[in-house]
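Here are the chains, one letter per residue:
Protein chains: 2
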Amino acid sequence: MTKRDKPLILITNDDGIQAKGINKLIEAVRELGELVVVAPDSHRSGMSSAITALTPLRANLVKKEENLTVYACTGTPVDCIKLGLNELLDNRRPDLIISGINHGSNAAVCVIYSGTIGAALEGCIAGIPSLGVSLTNHSPEADFTQAAELGRIIAERVLEEGLPKGVCLNLNVPDVQKVRGLKVCTQTKGYWTKEYMPAKDAVGKTVYWLTGEFFNEEPYNKQSDEWALSQGYAALVPLQVDMTAYEFMKSIPNWEIIS
Amino acid sequence: MTKRDKPLILITNDDGIQAKGINKLIEAVRELGELVVVAPDSHRSGMSSAITALTPLRANLVKKEENLTVYACTGTPVDCIKLGLNELLDNRRPDLIISGINHGSNAAVCVIYSGTIGAALEGCIAGIPSLGVSLTNHSPEADFTQAAELGRIIAERVLEEGLPKGVCLNLNVPDVQKVRGLKVCTQTKGYWTKEYMPAKDAVGKTVYWLTGEFFNEEPYNKQSDEWALSQGYAALVPLQVDMTAYEFMKSIPNWEIIS
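So the protein lines, in turn, are chains A and B. Residues in the first sequence are numbered consecutively from 1, following our numbering. Residues in the second sequence are numbered consecutively from 1, following our numbering.
Think of the hints as simulated: they come from the structure by calculation, not from any bench. Just so we're clear, the structure is a prediction, and the values are computed from it rather than from any experiment. Keep in mind that a hint or two might mislead.
Each computed DSBU-like pair below joins lysine-lysine, with the alpha-carbon atoms no more than 30 Å apart [as the list claims (entries may be wrong)]:
(1) A:K200 - B:K63
(2) B:K64 - A:K194
(3) A:K20 - A:K250
(4) B:K200 - B:K165
(5) A:K194 - B:K194
(6) B:K165 - A:K189
(7) B:K165 - B:K6
(8) A:K63 - A:K20
(9) A:K165 - A:K205
(10) A:K6 - A:K165
(11) B:K178 - A:K250
(12) A:K189 - A:K165
(13) A:K194 - B:K200
(14) B:K205 - A:K189
(15) B:K250 - A:K178
(16) A:K250 - B:K165
(17) A:K250 - A:K189
(18) B:K165 - B:K250
(19) B:K63 - B:K6
(20) B:K222 - B:K189
(21) A:K222 - A:K189
(22) B:K194 - B:K205
(23) A:K63 - B:K194
(24) A:K250 - B:K200
(25) A:K165 - B:K205
(26) B:K194 - A:K6
(27) B:K200 - A:K63
(28) B:K6 - A:K194
(29) B:K194 - A:K64
(30) A:K165 - B:K178
(31) B:K194 - B:K165
(32) B:K6 - A:K64
(33) B:K205 - A:K63
Based on the provided sequences and hints, a complete structural model is requested.
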């Protein structure tokens with residue numbers, strides 16, 4: 001591979017190409033390198049690391065300017081990253097992948113459900129330094145100024161220093177007037193409760209709408225991302241793709257059965 | 001909560017309620033307790049931990065026998081677990097969740113994309129001992145005898161001993177004439193390559209079908225699940241929901257920025 005003058009940055013999100021969040025991200029990092037955006041053609045929230053196996057994908061070129069190419073893809077956020085890396089980048093390997101800026105928090109256990117984080121993990125699996133960025137405000141018209149600025153700062157740092165293999169970053173920025181700073185945090189332990197609102201359809205059959213309340217199992221853990229956000233700090237959680245529970249492994253070798 | 005005579009077991013999969021794998025699982029664990037099955041009404045492979053947020057869910061009762069209730073759900077595997085826990089079990093808490101038996105391997109990095117494993121992780125998030133079971137054969141008519149037997153053995157062990165909070169189990173069984181035994185393993189490091197087959201649609205536009213080859217980054221790691229499977233062993237990998245990269249955290253406190 002020949003040395004490039006400008007870093008190549010692949011961008012996606014899960015709110016779709018029209019969302020304010022991704023467009024503010026593009027603006028914020030535009031000067032850092034050549035950008036290729038492959039984003040879902042509409043809303044794909046809660047898609048986790050889902051992949052499209054049964055139907056084929058399409059990618060439509062929507063913009064081509066100097067150092068900015070934008071595709072709208074019919075797939076999930078992970079599909080967008082895979083299609084970018086395998087097909088749309090003409091065998092060029094990005095120096096950085098950024099996913100976001102998500103409309104809404106991806107702190108705590110949301111990393112498991114989030115399409116934004118799914119895309120960052122996908123970059124990480126491919127061995128490319130990857131970053132997810134989210135703002136704790138779901139509004140389509142949220143103010144992304146601080147999240148975009150912090151995203152750019154972290155992006156520059158990652159371009160300079162890289163990330164260890166198998167590790168990506170999850171940046172959540174609180175929706176406050178003035179962010180107090182950035183803290184490196186752990187993924188808060190917790191879960192969602194009261195997750196459905198039952199309702200009736202037009203012929204009286206029961207349907208269930210997803211809703212819910214987050215229950216924080218460690219509200220006083222000052223290292224957790226939810227704590228940092230609650231105090232007005234942006235929270236940076238390094239995530240790893242290897243989900244092996246090494247601690248527990250030590251206690252179950254006696255589970256082995258030899259026929 | 002009053003003590004029940006029989007354990008309550010919640011079952012799902014990602015191949016859909018009609019698949020041979022889930023029906024063989026139901027047969028195999030039928031005697032272990034009361035079973036409630038909430039499974040997708042059709043194929044939901046590769047759904048990871050995706051959740052359905054924009055459309056409402058439905059659950060149709062398809063069978064009610066003594067100790068066996070079966071619902072077909074319009075959602076993803078994780079939706080099935082959430083709907084079971086929140087609505088369909090009438091506030092009863094299962095003693096065990098089993099997801100599978102999947103038609104096809106969920107070893108190595110497949111844990112990230114798998115709906116089968118998404119469902120097991122969901123049980124784990126809810127604090128319920130959870131197990132995913134997969135057979136390394138995609139065929140609709142695969143022979144699930146050994147996978148069902150091993151699944152039952154592990155299910156009994158988990159019912160007796162429980163699992164630590166935040167940890168679930170991923171059991172993969174090789175499609176061999178005689179499984180050599182069970183090994184407790186780590187999630188193999190690797191990634192998929194050559195992931196798309198471009199094709200043309202009826203009007204000549206390019207579409208991309210998902211395909212690919214798995215590249216094993218540690219083919220000689222005898223602790224990895226891919227190694228165990230290649231040697232004819234079933235592989236049991238304990239997985240954790242907390243994805244924080246604790247090792248890397250130690251090296252980035254200096255990334256903190258205080259405004």
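Hint consistency between K250 of chain A and K165 of chain B [alpha-carbon to alpha-carbon, up to 30 Å]: Given that 30 Å is the threshold and the Cα spacing comes to 16 Å, the pair holds.
Hint consistency between K194 of chain B and K205 of chain B [alpha-carbon to alpha-carbon, up to 30 Å]: holds, 20 Å
K165 of chain A paired with K205 of chain A [C-alpha distance capped at 30 Å]: violated, 50 Å
Given hint K189 of chain B paired with K222 of chain B - CA-CA distance at most 30 Å: Holds, at roughly 12 Å.
Given pair status - K189 of chain A, K250 of chain A, alpha carbons within 30 Å: Holds - the C-alpha atoms of K189 of chain A and K250 of chain A are around 22 Å apart, at most 30 Å.
Restraint status (C-alpha distance of K200 of chain B to K63 of chain A at most 30 Å): The given pair, whose Cα atoms are some 22 Å apart, holds under the 30 Å limit.
Pair hint K194 of chain B and K6 of chain A, alpha-carbon separation not exceeding 30 Å: Status holds; Cα separation ~26 Å.
Holds or violated: K250 of chain A to K200 of chain B, with C-alpha atoms at most 30 Å apart: Distance ~51 Å between K250 of chain A and K200 of chain B Cα, so the pair is violated.
Given hint K250 of chain A paired with K20 of chain A - CA-CA distance at most 30 Å: violated, 47 Å
Restraint check for K63 of chain A with K194 of chain B, where alpha carbons must lie at most 30 Å apart: Holds, because 26 Å separates the two Cα atoms, which is no more than 30 Å.
Hint consistency between K6 of chain B and K194 of chain A [alpha-carbon to alpha-carbon, up to 30 Å]: Since the Cα atoms of K6 of chain B and K194 of chain A sit roughly 26 Å apart, the hinted pair holds (cutoff 30 Å).
Pair hint K165 of chain B and K6 of chain B, alpha-carbon separation not exceeding 30 Å: At roughly 22 Å apart (the allowed maximum being 30 Å), K6 of chain B and K165 of chain B satisfy the hint.
Comparing the model with each numbered hint stated earlier shows that hints 3, 4, 5, 9, 13, 14, 24, 25, 30, 31 and 32 do not hold.
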